[in-house]
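For chain V, the structure is supplied; the task is to place chain L on it using the hints.
Quick note, the sequences are listed as chains V and L, same order.
Going by the numbering used here, the letters in the first sequence line up with residues 1 to 487, in that order.
Going by the numbering used here, the letters in the second sequence line up with residues 1001 to 1487, in that order.
I should point out that these hints are in silico values taken from the structure, not numbers from a laboratory.
Beta carbons are placed, not taken as given, at the ideal position from N, Cα and C, and that holds for glycine.
Heads up, some of the hints might be wrong.
With a Cα cut of at most 25 angstroms, we get these calculated PhoX-like pairs of lysine-lysine [what the hints assert, rightly or not]:
hint: 1; chain 1: L; residue 1: Lys1191; chain 2: V; residue 2: Lys111
hint: 2; chain 1: V; residue 1: Lys323; chain 2: L; residue 2: Lys1111
hint: 3; chain 1: V; residue 1: Lys127; chain 2: L; residue 2: Lys1323
hint: 4; chain 1: L; residue 1: Lys1111; chain 2: V; residue 2: Lys41
hint: 5; chain 1: L; residue 1: Lys1060; chain 2: V; residue 2: Lys60
hint: 6; chain 1: L; residue 1: Lys1041; chain 2: V; residue 2: Lys127
hint: 7; chain 1: L; residue 1: Lys1111; chain 2: V; residue 2: Lys152
hint: 8; chain 1: L; residue 1: Lys1111; chain 2: V; residue 2: Lys111
hint: 9; chain 1: V; residue 1: Lys60; chain 2: V; residue 2: Lys41
hint: 10; chain 1: V; residue 1: Lys111; chain 2: L; residue 2: Lys1041
hint: 11; chain 1: V; residue 1: Lys41; chain 2: L; residue 2: Lys1388
hint: 12; chain 1: L; residue 1: Lys1397; chain 2: L; residue 2: Lys1191
hint: 13; chain 1: V; residue 1: Lys60; chain 2: L; residue 2: Lys1344
hint: 14; chain 1: V; residue 1: Lys344; chain 2: L; residue 2: Lys1127
hint: 15; chain 1: L; residue 1: Lys1041; chain 2: V; residue 2: Lys85
hint: 16; chain 1: L; residue 1: Lys1323; chain 2: V; residue 2: Lys41
Which chain L residues stay away from chain V? Per the calculated CB distances, all over 12 angstroms, these [what the hints assert, rightly or not]:
hint: 17; residue: Ser1016
hint: 18; residue: Arg1037
hint: 19; residue: Glu1150
hint: 20; residue: Glu1162
hint: 21; residue: Glu1308
hint: 22; residue: Leu1314
hint: 23; residue: Cys1471
hint: 24; residue: Leu1480
2 protein chains.
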Amino acid sequence: MSVQEAKSERLESLPSKENFSEWYHEVIQQAEIMDIRYPVKGLYVWYPFGFRLRQLVYGKLREIMDRDHNEVYFPALIPETELEKEGEHIKGFENEVYWVTHGGLTPLDVKLALRPTSETAIYPMFKLWVRSHADLPLKVYQIVNTFRYETKHTRALIRLREITSFKEAHTVHATFEEAEKQVRTAIGYYKEFYDFLAIPYLIIRRPEWDKFPGAAYTVAFDTVMPDGRTMQIGTVHHLANNFARTFDITYETANGEHEFVHQTCYGISERCIAALISIHGDDLGLVLPFEASPVQIVIIPVLYKGREGEVLELCKRILGRVKGFGYRVILDDSDERPGAKYYKWELKGAAMRMEVGPREVAENTVVVSFRDERKKFKISMKELTKEKIEEWAAEMKERMRRAALNRMREKIRYFDSVTEVKKWAGRGVALVHLCSSTECGDTLEEEVGGSILGRFEEKPGWIDADVDGGCIVCGGKGYLNAIARTY
Amino acid sequence: MSVQEAKSERLESLPSKENFSEWYHEVIQQAEIMDIRYPVKGLYVWYPFGFRLRQLVYGKLREIMDRDHNEVYFPALIPETELEKEGEHIKGFENEVYWVTHGGLTPLDVKLALRPTSETAIYPMFKLWVRSHADLPLKVYQIVNTFRYETKHTRALIRLREITSFKEAHTVHATFEEAEKQVRTAIGYYKEFYDFLAIPYLIIRRPEWDKFPGAAYTVAFDTVMPDGRTMQIGTVHHLANNFARTFDITYETANGEHEFVHQTCYGISERCIAALISIHGDDLGLVLPFEASPVQIVIIPVLYKGREGEVLELCKRILGRVKGFGYRVILDDSDERPGAKYYKWELKGAAMRMEVGPREVAENTVVVSFRDERKKFKISMKELTKEKIEEWAAEMKERMRRAALNRMREKIRYFDSVTEVKKWAGRGVALVHLCSSTECGDTLEEEVGGSILGRFEEKPGWIDADVDGGCIVCGGKGYLNAIARTY
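Chain V extracted, bound-state conformation (with noise of 0.2 angstroms):
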């Protein structure tokens, strides 16, 4: 593995994470995640670094959808026509949508969208591509940058103007039902893809008002940031026979009757590294598992004059071994002083480090340690085997996920009282017993000023609430519903 990188900067020390904000914003540069000082606000530039890191996250991520679904590409220009076809759609993006008015200094005849999202893009194709019910279903991806007008405060993979990697799922089926068993399969695999990355999670229907524009309903994936703000880091929609009425995609029935089809869409946008960042990260950069590693192992020789040659032996040694079990390896044996190197390593999250000094050559051992914990131990080159990595990163990722699962707990609280919601408020997610009228989410959303996220689309074993309860507004009829200030 290479590690030419971009040195752009000499390091600083990192603002504690107590900051998240300035925490996030500083880690997002300094470990070369992305260069953030692209001239356009909103914008930002993948570094080596960081592009490998979105690869092995996204690899997984193609990995799981390749099982099931084939990979595709659509236009990224969508004419104005199309877009505005569905009527509740545009209007959930026209003030974000960004126009393409002019080629060279010619005005275009239609306008031309830069993709927000591509249902629009593609369902007009799926007309033509679904036939009959033995088309059914049909199962496409792509991962492709999509582009929204944001006004708002701009950062870094979080919200930006350039999702350069928005992973988007469109399914095709000849029932509702059959749609919404997908929808049922499209977050187990949105679960196994954040159980991978050890990030904890909350799956909830949102709220008709906050459904996504033309969808029959949205379940959401989110997760609760260090200052207890929730992100979305994923949503599956059913989108019943909504967009298959506005854009005609019929099929022929085994009887021959011609029928709308039912869809859903699914997706995830590079929120899913922001959440692995920041979730997982400390006062020293960023805490990433083993297998999403960019540098997964780092070897790093403490040298002795006159002993320089030993040490760089057994380090070679080490590291021909660890290569050989596969693994994204490097031997730092640059000129830094090994305190700089502990401090380059631990900011870019490298998973595990080894040391070699004169005495571990004496003994034929090695000093391991996990960039979570960060306790030292030796161990001999005999006990150096693959099946022992592998333990040690699926014990350092089980710790992981059992730390981010506690962090994020301490965040959620249940409430039957609007003053105590209130006191909470900016600190966490908020569990209260609501009733279904909008009248009484506006009142608490005004009150304590948060989001409602919705009711629980599975309830973890860990809350202990009840579903049903009394409206925290007018007492009557409610459901378990979480609020929280959101990314």
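Relative to the frame of chain V, chain L by itself:
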């Protein structure tokens, strides 16, 4: 491997490849490379099958680039202020840039260009990334969508408004000479890539008036299409310090002085796939080298009543064995007749076909044929080894390479009279001796109706004509030049 495909159209037979333009149009659609029915001129949809081909071809390109470059991603939107900094450069692109002028209903303060290529997005950041000689060389690449407002006749993969997969590399060096060395290296990479695809090429230095806007010089890879027109399928540019001066990219030398860097950039677009399809295809459809075939081997059962079970059993044994070798293989056990299956998989360029009927079951044999030759032969199951298949694949590629090179050579002729060149016009490449004056160049181009491609950067051994000779127009000191109609 899943074979879910968009079954959009009943297959119709292809036009003969002699009508190249029609053949190309139809094969792209019928083989399900791209759907050409997207409702905007010059924009096309990658079908699942086409996308798999794209992944295989670009996978090879990535593998080559990854040896020596880091992959990155720069934004798709370039502010007008940056795009227009380099005077030559913007003149070369101003008529074909798409402009984003509005976000929602709001006019933007600074217009944003959809990248036609990324020099002006990347180089302002290189200014920040490069500080000292220790940061050099810097070598990055990205594979991105780029945009051109094409007003001419558009054609899938060849002349498009969204080039979905432009591989562009950008390198930074201390000196002109080091950049020149990188030009040689890049030419070497591109040779390797096109050799992998068995696509023959000419390596030609473009004349001054046709070089990349802002470059010191441009070396291009051209191939000759079946209709005799050439297609540029790759370019390598030496930028000298032209862009460095514009974007103020300097480095500190070992002596503490500040010098402008020297740069190169080089790119390959999805024209590489257009070439792959056009150069090797035949009247029946795609012909693809084994390593680039989405379906490398198709197994077709020839069923007779009462013998279906045993035939399918042998087919599955073959499937299991060949899958075990790691190949992309499909057992087509659909209800269609064998003839229809042959037709389908010939169209899609499955490199090898294996057929099994009751006779093969009795003999424990399998009938094999290759897509390029279409001669059938029989081997025993024992002979069906990984080594055998690799040998076949290598032989097939060598046959394809030779056949394609021979076809190209037939379309390249040397001439020493303008009258003869005129007769040849539209049939292929004319080689002529030409002096360096633009007058003689203009005269020749006007007389014969083609474009001067330039002088050979590397003259192939099979071209007999001398490098030096009297100018075909004025009789003065001339050099061997190629002239042709171009895509």
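Please work out if Lys1060 of chain L and Lys60 of chain V have their alpha carbons no farther apart than 25 angstroms. This hinted pair holds, its Cα atoms lying about 20 angstroms apart.
Please verify whether Lys1111 of chain L and Lys41 of chain V have alpha carbons no more than 25 angstroms apart. holds, 13 angstroms
Once the closest CB in chain V is found, is it more than 12 angstroms from Glu1150 of chain L? The claim breaks: Glu1150 of chain L does not keep its Cβ more than 12 angstroms from every Cβ of chain V (closest is about 9 angstroms).
Holds or violated: Lys1323 of chain L with Lys41 of chain V, Cα cutoff 25 angstroms? Given that 25 angstroms is the threshold and the Cα spacing comes to 49 angstroms, the pair is violated.
Cβ separation check - Leu1314 of chain L to all of chain V, threshold 12 angstroms: Non-interface label on Leu1314 of chain L holds, nearest chain V Cβ at 28 angstroms vs cutoff 12 angstroms.
Please verify that the nearest CB of chain V lies beyond 12 angstroms from Cys1471 of chain L's CB. holds, 37 angstroms
If I take the minimum Cβ distance from Arg1037 of chain L to any residue of chain V, is it greater than 12 angstroms? violated, 6 angstroms
Going straight from one Cα to the other, do Lys344 of chain V and Lys1127 of chain L come out at no more than 25 angstroms? Holds, because 23 angstroms separates the two Cα atoms, which is no more than 25 angstroms.
CA of Lys1111 of chain L to CA of Lys152 of chain V, is that 25 angstroms or under? holds, 19 angstroms
Going straight from one Cα to the other, do Lys323 of chain V and Lys1111 of chain L come out at no more than 25 angstroms? Answer violated: Lys323 of chain V to Lys1111 of chain L is near 49 angstroms, above 25 angstroms.
25 angstroms Cα cutoff - pair Lys60 of chain V, Lys1344 of chain L: violated, 32 angstroms
Do the alpha carbons of Lys41 of chain V and Lys1388 of chain L lie within 25 angstroms of each other, as the hint requires? violated, 57 angstroms
Consistency note: the structure conflicts with the earlier hints numbered 1, 2, 3, 9, 11, 13, 16, 18, 19 and 20.
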